[in-house]
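**Student:** Number 770 marks the last residue of the sequence shown (the working numbering); no jumps.
It cannot be assumed that every hint is accurate.
Claimed, not checked - Think about it this way: if two alpha-carbon atoms lie no more than 35 Å apart in a straight line, the pair counts; the simulated DSBU-like pairs of lysine-lysine are:
{"hint": "1", "residue 1": "Lys-767", "residue 2": "Lys-753"}
{"hint": "2", "residue 1": "Lys-738", "residue 2": "Lys-715"}
{"hint": "3", "residue 1": "Lys-705", "residue 2": "Lys-717"}
{"hint": "4", "residue 1": "Lys-705", "residue 2": "Lys-720"}
{"hint": "5", "residue 1": "Lys-705", "residue 2": "Lys-750"}
{"hint": "6", "residue 1": "Lys-738", "residue 2": "Lys-717"}
{"hint": "7", "residue 1": "Lys-694", "residue 2": "Lys-720"}
{"hint": "8", "residue 1": "Lys-738", "residue 2": "Lys-720"}
{"hint": "9", "residue 1": "Lys-750", "residue 2": "Lys-720"}
{"hint": "10", "residue 1": "Lys-750", "residue 2": "Lys-715"}
The hints are simulated quantities; they were obtained by calculation from the structure and are not laboratory data.
No experiment lies behind these values; they were computed from the predicted model shown.
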Amino acid sequence: MIKAYVLIRIEANKVDRVLTELTKIKEIKTACVVTGPFDLIAFVEVKDFQELGNLISGKVHKLDGILSTTTCIAIKGRC
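Go ahead and model the full structure; you've got the sequences and the hints to work with.
**Tutor:** Okay, structure coming up:
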């Protein structure tokens with residue numbers, strides 16, 4: 692199981708819509724609007740790196756309003 696945090700920048704006035712759409716994706720376990728250099732952080736769980744790539748490029752990047760993402764793969768801890 693691969694766990695990762697996806698840090699997302701979103702166009703102004705589209706944060707709520709993106710949050711709603713992200714929560715419909717089964718691999719995304721949590722999604723929170725945050726302050727700072729990113730607008731939203733999502734926690735994802737997938738079976739392998741192929742599925743992670745498909746999730747980010749095939750689902751997340753296709754959402755209207757997404758400007759950029761940074762994916763941080765968890766390697767240790769209780770996440």
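**Student:** None of the hints should be skipped; say for each whether it holds.
**Tutor:** Taking the hints in turn, this is what the structure says about them:
Note on Lys-767 and Lys-753: the hinted pairing holds, with a Cα-Cα distance of about 30 Å set against a maximum of 35 Å. Distance hint between Lys-738 and Lys-715 is fulfilled; the C-alpha atoms sit about 18 Å from each other, no more than 35 Å. The suggested pairing of Lys-705 with Lys-717 holds, with an alpha-carbon distance near 21 Å, which does not exceed 35 Å. Of the pairs offered as hints, the one joining Lys-705 and Lys-720 holds, with about 20 Å between alpha carbons and a cut-off of 35 Å not exceeded.
Between Lys-705 and Lys-750 the alpha-carbon distance is near 16 Å, which keeps this suggested pair within the 35 Å criterion. Proximity of Lys-738 to Lys-717 is assessed by CA-CA distance (about 12 Å); at most 35 Å being required, the pair is judged to hold. Proximity of Lys-694 to Lys-720 is assessed by CA-CA distance (about 10 Å); at most 35 Å being required, the pair is judged to hold. About 13 Å separates the Cα atoms of Lys-738 and Lys-720, which keeps this hinted pair within 35 Å; it holds.
For the proposed pair Lys-750 and Lys-720, the alpha carbon gap of about 14 Å is at most 35 Å, so the pair holds. Between Lys-750 and Lys-715, the direct Cα distance comes to roughly 11 Å. Compliance with the 35 Å bound is thereby established for this hinted pair.
Checked against the numbered hints above, the structure breaks none of them.
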